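Chemist: Residues per chain, in single letters:
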Amino acid sequence: MPYVYEEYDVAVIGAGHAGCEAALATARLSSKTIIFTVAMDSIALMPCNPNIGGTSKGHLVREIDALGGEMGKNIDKTYIQSRMLNLSKGPAVHSLRAQADKQEYSSSMRKILENTENLTLKQAEIVEILTKDNRITGVKTYSGAIYPCKAVIVCTGTYLNARCIYGETVHMTGPNGLSSALYLTESLKNLGIEMFRFKTGTPARIDKRSIDFSKMEEQKGDEKVVPFSFSNKPEDIVKEQASCWLTYTTPETHDIIRANLDRSPLYSGNIKGTGARYCPSIEDKVVKFQEKERHQVFIEPEGDYTNEMYISGMSSSLPEDVQVQMYRSVPGLEKANIVRNAYAIEYDCINPSQLKPTLEFRNIDGLFCAGQFNGSSGYEEAAAQGLIAGINAAMKIKNKEPIIIDRSQAYIGVLIDDLITKETNEPYRMMTSRAEYRLLLRQDNADLRLTKIGYQAGLVDEEHYQMVLNKENAIEEEKKRLENTTIGANKDVQGLLERLNSTPLTTATTLAELIRRPELNYEMLESIDQHRRSLPKDVIEQVNINIKYEGYIVRQQRQVEQHKRMENKKIPDTLDYNKISGLRIEAKQKLDKYKPISIGQASRISGVTPADISVLMVYLMQHNAKEAAKSKQ
Amino acid sequence: MKTDTIAAIATGLSSGGISIIRISGEEGFSAIDRIYQSKNKKKKLSKAKSHTTHYGFIMDGENIIDEVMVTVMRAPSTYTREDVIEINCHGGIIVTRKILEIVLGQGIRLAEPGEFTKRAFLNGRIDLSQAEAVCDIISAKNEIALKNSIKQLKGRELEIIKTIRNNILKDIAFIEAALDDPEHISIEGFSRDLYDHLDKYSHSIKKLVNGSKSGKLIKEGIKTVILGKPNVGKSSLLNILVHEDRAIVTDIAGTTRDTLEETIRLNDITLNIIDTAGIRSTEDEVEKIGVDKAMRIAKEADLIIYVMDSSTSLDENDEIILSLIRDKKAILLLNKGDLLPRITANDLKEKSSHPIISTSFVEHKGIEDLEQTIKEMFFKGDISFNEDIYITNDRHIEAFTNTLEALNMVKESINNNMPEDFYSIDLMTAYEELGKILGENVGEDLINMIFAEFCMGK
Numbered sequence: 001m002p003y004v005y006e007e008y009d010v011a012v013i014g015a016g017h018a019g020c021e022a023a024l025a026t027a028r029l030s031s032k033t034i035i036f037t038v039a040m041d042s043i044a045l046m047p048c049n050p051n052i053g054g055t056s057k058g059h060l061v062r063e064i065d066a067l068g069g070e071m072g073k074n075i076d077k078t079y080i081q082s083r084m085l086n087l088s089k090g091p092a093v094h095s096l097r098a099q100a101d102k103q104e105y106s107s108s109m110r111k112i113l114e115n116t117e118n119l120t121l122k123q124a125e126i127v128e129i130l131t132k133d134n135r136i137t138g139v140k141t142y143s144g145a146i147y148p149c150k151a152v153i154v155c156t157g158t159y160l161n162a163r164c165i166y167g168e169t170v171h172m173t174g175p176n177g178l179s180s181a182l183y184l185t186e187s188l189k190n191l192g193i194e195m196f197r198f199k200t201g202t203p204a205r206i207d208k209r210s211i212d213f214s215k216m217e218e219q220k221g222d223e224k225v226v227p228f229s230f231s232n233k234p235e236d237i238v239k240e241q242a243s244c245w246l247t248y249t250t251p252e253t254h255d256i257i258r259a260n261l262d263r264s265p266l267y268s269g270n271i272k273g274t275g276a277r278y279c280p281s282i283e284d285k286v287v288k289f290q291e292k293e294r295h296q297v298f299i300e301p302e303g304d305y306t307n308e309m310y311i312s313g314m315s316s317s318l319p320e321d322v323q324v325q326m327y328r329s330v331p332g333l334e335k336a337n338i339v340r341n342a343y344a345i346e347y348d349c350i351n352p353s354q355l356k357p358t359l360e361f362r363n364i365d366g367l368f369c370a371g372q373f374n375g376s377s378g379y380e381e382a383a384a385q386g387l388i389a390g391i392n393a394a395m396k397i398k399n400k401e402p403i404i405i406d407r408s409q410a411y412i413g414v415l416i417d418d419l420i421t422k423e424t425n426e427p428y429r430m431m432t433s434r435a436e437y438r439l440l441l442r443q444d445n446a447d448l449r450l451t452k453i454g455y456q457a458g459l460v461d462e463e464h465y466q467m468v469l470n471k472e473n474a475i476e477e478e479k480k481r482l483e484n485t486t487i488g489a490n491k492d493v494q495g496l497l498e499r500l501n502s503t504p505l506t507t508a509t510t511l512a513e514l515i516r517r518p519e520l521n522y523e524m525l526e527s528i529d530q531h532r533r534s535l536p537k538d539v540i541e542q543v544n545i546n547i548k549y550e551g552y553i554v555r556q557q558r559q560v561e562q563h564k565r566m567e568n569k570k571i572p573d574t575l576d577y578n579k580i581s582g583l584r585i586e587a588k589q590k591l592d593k594y595k596p597i598s599i600g601q602a603s604r605i606s607g608v609t610p611a612d613i614s615v616l617m618v619y620l621m622q623h624n625a626k627e628a629a630k631s632k633q
Numbered sequence: 001m002k003t004d005t006i007a008a009i010a011t012g013l014s015s016g017g018i019s020i021i022r023i024s025g026e027e028g029f030s031a032i033d034r035i036y037q038s039k040n041k042k043k044k045l046s047k048a049k050s051h052t053t054h055y056g057f058i059m060d061g062e063n064i065i066d067e068v069m070v071t072v073m074r075a076p077s078t079y080t081r082e083d084v085i086e087i088n089c090h091g092g093i094i095v096t097r098k099i100l101e102i103v104l105g106q107g108i109r110l111a112e113p114g115e116f117t118k119r120a121f122l123n124g125r126i127d128l129s130q131a132e133a134v135c136d137i138i139s140a141k142n143e144i145a146l147k148n149s150i151k152q153l154k155g156r157e158l159e160i161i162k163t164i165r166n167n168i169l170k171d172i173a174f175i176e177a178a179l180d181d182p183e184h185i186s187i188e189g190f191s192r193d194l195y196d197h198l199d200k201y202s203h204s205i206k207k208l209v210n211g212s213k214s215g216k217l218i219k220e221g222i223k224t225v226i227l228g229k230p231n232v233g234k235s236s237l238l239n240i241l242v243h244e245d246r247a248i249v250t251d252i253a254g255t256t257r258d259t260l261e262e263t264i265r266l267n268d269i270t271l272n273i274i275d276t277a278g279i280r281s282t283e284d285e286v287e288k289i290g291v292d293k294a295m296r297i298a299k300e301a302d303l304i305i306y307v308m309d310s311s312t313s314l315d316e317n318d319e320i321i322l323s324l325i326r327d328k329k330a331i332l333l334l335n336k337g338d339l340l341p342r343i344t345a346n347d348l349k350e351k352s353s354h355p356i357i358s359t360s361f362v363e364h365k366g367i368e369d370l371e372q373t374i375k376e377m378f379f380k381g382d383i384s385f386n387e388d389i390y391i392t393n394d395r396h397i398e399a400f401t402n403t404l405e406a407l408n409m410v411k412e413s414i415n416n417n418m419p420e421d422f423y424s425i426d427l428m429t430a431y432e433e434l435g436k437i438l439g440e441n442v443g444e445d446l447i448n449m450i451f452a453e454f455c456m457g458k
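Protein sequence lines correspond, in order, to chains A and B. Counting in this note's numbering, the first sequence runs from 1 upward without gaps. Counting in this note's numbering, the second sequence runs from 1 upward without gaps.
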C-alpha cells in the first residue's frame with residue numbers, strides 16, 4: 001500500500017555523477033533534498049573508463065569547479081595519474097586528464113554527500129513520478145513509499161530498462177551487474193515524455209598479474225601536476241603516480257574479430273539502441289577503418305586498490321569466447337586473465353529537445369533531468385548537467401531567476417544548448433570543435449569566467465569570490481603595465497633578443513609587443529623588465545595568453561557581442577509559429593518542436609534559415625508591441 | 001541597436017537609365033568621404049546637410065569611375081531610420097556594379113535580400129500592422145535569391161566550389177580530430193601541407209572571382225533563341241556571331257534539353273543564345289516536331305531571331321511560327337539575299353510587326369544591322385532579362401572575397417607559427433562563406449566529417 005514517508009523540497013533520482021552534483025547543489029542552496037540510488041555502494045560509480053577529464057571534458061570539470069561543483073575537488077583527492085594533454089597546441093585546447101582510483105573516487109564522493117547538510121541518502125528504486133496538473137508533487141518507490149516534493153531531478157544514467165549484452169548473452173541489469181530500473185520509463189511515458197533508446201559499451205578488465213608490460217610502452221604522468229580545482233595549489237596534491245601502458249592490436253586481432261562478426265549483437269540486430277560514434281567498439285573500428293593495420297590499446301589501472309586494468313580502445317560486445325581470443329592476440333596480453341567481460345549496454349533516455357536551458361521539462365513544472373538520461377555520454381557531461389539542473393531546481397524553489405549559461409560563457413553552455421537545440425541521434429559527447437568561441441573558453445580561465453555566476457547562485461563563498469576578483473585586477477594591471485612599458489633598443493635588450501633567436505629591435509617598442517612574438521613569452525623578458533613585481537603563476541599565465549593571442553581573442557569577443565545580441569532577443573514561449581506568414585513549413589515545424597527561448601537559439605536549429613530568422617524578428621516586433629498594448633489596457 | 005552598414009543596387013540594371021546604389025548604416029558617411037570627390041575636390045559629404053544632393057565623381061583611387069549625384073540623408077528621417085546615402089549614377093551594368101564593388105570595399109556588407117525593408121520595419125519606419133507584408137517580402141526575396149544562387153552557377157563551377165568546400169572541411173576535420181584525440185591522431189608537420197592546400201584553394205577561388213567579375217560564371221544575359229526551318233542558315237548565324245572578334249565566353253551543354261547555348265557580348269549586352277539543335281536532328285518529322293519544339297522554347301525566350309530563306313516561298317509552317325511569335329520580342333531575318341528572292345521584306349511586313357533585316361550570311365551582310373537592332377531594342381527597354389542574376393553574382397563575389405580573406409588569415413597564422421587550433425577558426429569562416437553560395441549551413445558537417453574520416457575515441 002502506498003503511504004507518505006516524508007516531504008522534501010527536491011528528490012534526486014540516481015546518485016551517479018549527475019545526481020551527486022545535482023543533490024549537492026540543491027542541498028547547499030538550502031533545499032531539503034533526498035537522493036535515491038539503487039545501491040548505496042554505487043555512488044559516483046565509474047562503470048567505464050577510470051579517468052576524469054580529457055580533451056574538452058577537462059574544460060567541463062574546471063567549469064564545474066568554478067561554479068561551485070564537486071567533481072574537480074573529488075578527482076584532485078583521488079587521482080593516481082595526471083596529464084595535461086595537447087601542450088604543444090594552443091592554450092585553448094590544453095586539457096587536463098587524471099586517472100582515478102575508482103573506489104576512492106566513489107567513497108570520497110559518498111563521504112561528501114553523507115556529510116552535507118539538508119541532504120538525505122536513500123537506497124530505493126523510484127517507480128513513479130507524481131504530478132498534478134503537469135506540476136511535480138512527489139515520487140514513489142518500489143515499496144510504495146511516497147516522498148512529496150516540489151522538484152524532481154532525474155539522473156538515471158544507463159539504468160532505465162538496461163540490458164547488458166555480449167554475443168548471445170543478455171543480462172537484464174544495469175552496469176556492473178547492478179539492478180536496472182524497470183518501471184520509471186513507463187511513468188515518464190505516461191507524463192507524455194518522448195523516449196529514445198541509446199547504447200554504449202565498455203571493454204574488458206584484465207588482471208594486472210597476467211599482463212606482460214615489457215611488451216608495452218610506459219606512459220607516465222606529468223612531473224608538474226595541475227589540479228582540477230581552482231581551490232587547490234599544485235603542491236597540495238603532489239603524490240606518486242601510477243603508469244598507464246600502450247600496446248596495439250595485431251592483424252590476428254582483426255582476423256578474429258572479422259571471423260566472428262556474425263556473432264556480434266551489433267551486427268546480428270540484437271542491439272537496437274543507437275551508439276556513440278565517439279565510443280566505437282573494436283569491431284566497429286575494424287569494420288569501418290579496414291585500411292588501419294592496428295589500433296592503439298591503452299592499459300589503465302582501475303585504482304591502487306585493485307589488480308584490475310581497463311583495456312581502453314577495445315570495448316566490445318562479442319561473445320565471451322571470442323573476447324578471450326581477441327584480447328590474447330594483443331602483445332602483452334597473451335596470457336590475459338579477464339576479470340570482467342566487455343559488454344554493450346542499452347538503456348532508455350529522453351529526447352532532450354523537450355527541455356529548457358535550465359534542464360527542466362517544458363511541459364512539466366518542476367521536473368528536471370541531467371546526465372546520460374538526457375542523451376549525453378561521459379561522467380563530466382553528466383556532472384555538468386547535474387550541477388545546472390540542481391542550481392535551477394533550487395532557484396525555482398526559492399522563486400529566483402533561473403541561471404542559464406550561454407555558449408559564449410562556457411563549454412557547459414555549449415553542451416546544454418547543443419543537447420536541447422540540435423537533433424540528437426547518438427549519445428552526445430563534448431568536443432572542443434563544438435565550442436565556436438573556444439579561444440575564450442579555456443580551461444585556464446574557467447574561474448575568471450564562471451566564479452561570479454557560482455557566487456550569485458550561492459555555491460561559491462565570499463572569500464573565494466574575492467580571491468578571483470583580485471586575480472582579475474592583478475591581470476588587468478599587469479597587462480596595462482606591459483602595454484605601457486617602452487623598451488629601447490639598448491645593448492641589454494638586443495643581447496637578450498639575440499640569445500633568444502629573436503630579431504633585434506630597430507626602434508623602441510613595448511614589452512607587450514615583445515611578448516607577442518611567437519618565440520618569446522613573459523618569463524623570458526624578466527631581465528629587461530625592471531619594474532616587474534612578483535606575481536602568482538596563474539596571473540602570469542593569463543597575462544601571457546591574453547597578450548600573445550590578443551588579436552584572435554579580440555576577434556572572438558566581437559563575434560560574442562554579435563551572438564549575445566541575438567541571444568538577448570527573447571521569444572515568448574506562447575508564440576504560435578503557425579500564424580507567422582513567411583516562415584517556411586519546415587521552419588514552423590522545427591520552431592514549434594524546439595520552442596527556442598531566443599532568436600539566437602532559434603537560429604541554431606537545423607532547418608531554420610537566416611531568412612526565417614529575419615521573418616521571425618519582424619513578426620516578434622509586432623507581436624511584442626501588441627502584447628505591450630494589451631497589458632496597458 | 002547597433003548594426004553593420006549595408007549596401008545594394010536599389011534600382012533595375014537592365015534598362016540603361018539611372019541606377020541608384022543605396023547605403024544604410026553608420027559607416028556610410030565615412031565610406032562616401034573616401035570614394036566621393038566633388039568638382040572642386042574639397043567637399044566632404046559627411047559635413048553636408050541632411051537631405052541634400054551633390055554633384056561629383058566616384059573615385060577608385062585616382063581614377064574617376066562615374067559622374068554621379070549623391071543624396072545624403074541622416075537618421076532618423078530616412079527609409080531605414082539609419083543614415084542613408086544614395087549614389088545616382090548613369091547606369092550601365094558595368095559602371096553600376098563597379099561602384100557597388102568600390103562601396104563594398106569600404107568595410108560595408110552587401111545587403112541581404114529584403115534587408116532595407118527589414119531594417120525599416122525593425123527601426124519603426126514601417127507601420128507595425130505591415131509586419132505580415134514585410135515577412136512575405138523577406139521570405140519571397142530570399143527564396144528567389146537562394147534558388148538563383150545555385151541555378152545561375154554553371155555546373156562545372158558549382159562542382160569546383162563544392163570540392164573546395166569539402167576539402168576545407170577535411171582539413172578542419174583532421175585538425176579537430178587530432179586536437180580531440182591527440183593520443184590517436186597526430187598532426188605533426190600538417191601546417192606545411194595545409195599551406196599548400198591553401199594556395200590551391202586560393203588560386204581556384206581567385207579564378208572564380210575573376211570569372212564572376214567578367215560574368216563567366218553565371219548564365220547571364222538575354223535568353224535569345226534562333227528559330228528557323230532546316231537549312232535557312234541558323235547555324236551559320238550562330239557561328240558568325242560567335243566567331244567574330246567578340247569574346248566567346250564559353251559553351252556548355254544545355255542543361256534543360258538538347259540545345260546548345262552560347263554566350264556572346266555586344267558591348268554591354270550579353271546574349272545567351274540557344275540554338276535549337278533539336279529541330280535539325282529530327283529531319284524525318286521535322287515539320288511537326290520543329291513547330292512543337294519552337295513553341296516550347298519560344299515561350300521562355302527573351303528574344304527570338306527567326307531566320308527565313310528568302311529564296312523559298314513562305315509555307316504553312318512559317319505562318320504558324322509567325323503567328324506564334326506575334327506577341328514576343330523578335331527579329332525576322334531574311335537570309336540568302338545573295339540568291340534570287342522569293343519573299344521580300346514588304347511581303348513580311350503585312351504578316352508581322354517585328355523588325356525585318358535582309359541578310360546574307362555567306363557574304364556577311366546584314367550582321368551589323370542585326371546587332372544594331374538588338375542594341376536599340378535593349379536600350380529602349382523593349383527587351384530585358386532577369387537582373388537578379390547580377391545581384392546573385394555580386395553575392396557570389398562577396399562570398400568568394402570573404403573566403404579568400406579567411407584563407408589568408410590561416411596563412412598568416414601559419415607564418416606566425418601559431419598552434420594548429422588557431423587554423424580551424426578561419427578555415428571554418430571560409431567553409432561558411434562558400435556555404436552561403438550553395439545555401440548550405442554548417443550544422444553538424446564537421447562532427448560528421450571527423451567521424452567519417454578518423455578513427456576516434458576510447
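FYI, nobody ran anything at the bench for these hints, they're computed from the structure. In this text the structure is predicted, and so the values were computed from the model without any measurement. Quick reminder that beta carbons are idealized off the backbone N, C-alpha and C, glycines included. Fair warning: there could be bad hints in the mix.
What the hints assert, rightly or not - If you want the footprint, here are the derived chain A segments under chain B, 3+ residues with CB under 8 Å:
#, segment
1, 77 to 90
2, 279 to 293
3, 409 to 416
4, 603 to 614
Stated by the list, open to error - With a straight-line cut-off of 20 Å between C-alpha atoms, the simulated SDA-like cross-links for lysine to any residue are:
#, chain 1, residue 1, chain 2, residue 2
5, B, K162, B, L404
6, A, K630, B, L128
7, A, K626, B, K162
Stated by the list, open to error - On the chain B side, residues computed to face chain A include the following (Cβ under 10 Å):
#, residue
8, T3
9, L110
10, E112
11, P113
12, K118
13, L122
14, E183
15, G189
16, M418
17, E420
Chemist: Using a Cβ cutoff of 8 Å, are there at least 3 residues of the segment 603 to 614 of chain A near chain B, or does the coverage claim fail?
Modeler: Coverage by chain B holds for the segment 603 to 614 of chain A (6 residues, Cβ < 8 Å).
Chemist: If you count the residues of the segment 279 to 293 of chain A with a beta-carbon closer than 8 Å to a beta-carbon of chain B, do you get 3 or more?
Modeler: Per the Cβ count (6), the hint holds.
Chemist: Quick check on the hint: E112(B) CB to chain A CB, less than 10 Å?
Modeler: 7 Å, holds
Chemist: Is the Cα-Cα distance between K162(B) and L404(B) 20 Å or less?
Modeler: 15 Å, holds
Chemist: Per the CB criterion, is L122(B) less than 10 Å away from chain A?
Modeler: 6 Å, holds
Chemist: How about K118(B): closest beta carbon in chain A under 10 Å, or not?
Modeler: Status holds, d = 5 Å.
Chemist: Have a go at the E420(B) hint: is there a Cβ in chain A nearer than 10 Å to its own Cβ?
Modeler: This hint holds: E420(B) lies near chain A, its Cβ roughly 6 Å from the closest one there, short of 10 Å.
Chemist: Three residues or more, CB to CB closer than 8 Å: is that satisfied between the segment 409 to 416 of chain A and chain B?
Modeler: violated (count 0)
Chemist: Using C-beta distances, would you say chain B covers the segment 77 to 90 of chain A, given that this needs three or more residues below 8 Å?
Modeler: Answer holds; 5 residues pass the 8 Å Cβ test.
Chemist: Checking hints one by one. Is G189(B) an interface residue toward chain A, by the C-beta closer than 10 Å rule?
Modeler: 12 Å, violated
Chemist: Minimum Cβ distance from L110(B) to chain A below 10 Å?
Modeler: 13 Å, violated
Chemist: Could you check if M418(B) really has its C-beta closer than 10 Å to a C-beta on chain A?
Modeler: Constraint on M418(B) satisfied, holds at 7 Å.
Hint compliance for this structure: hints 3, 7, 9, 15 are broken, all remaining hints hold.
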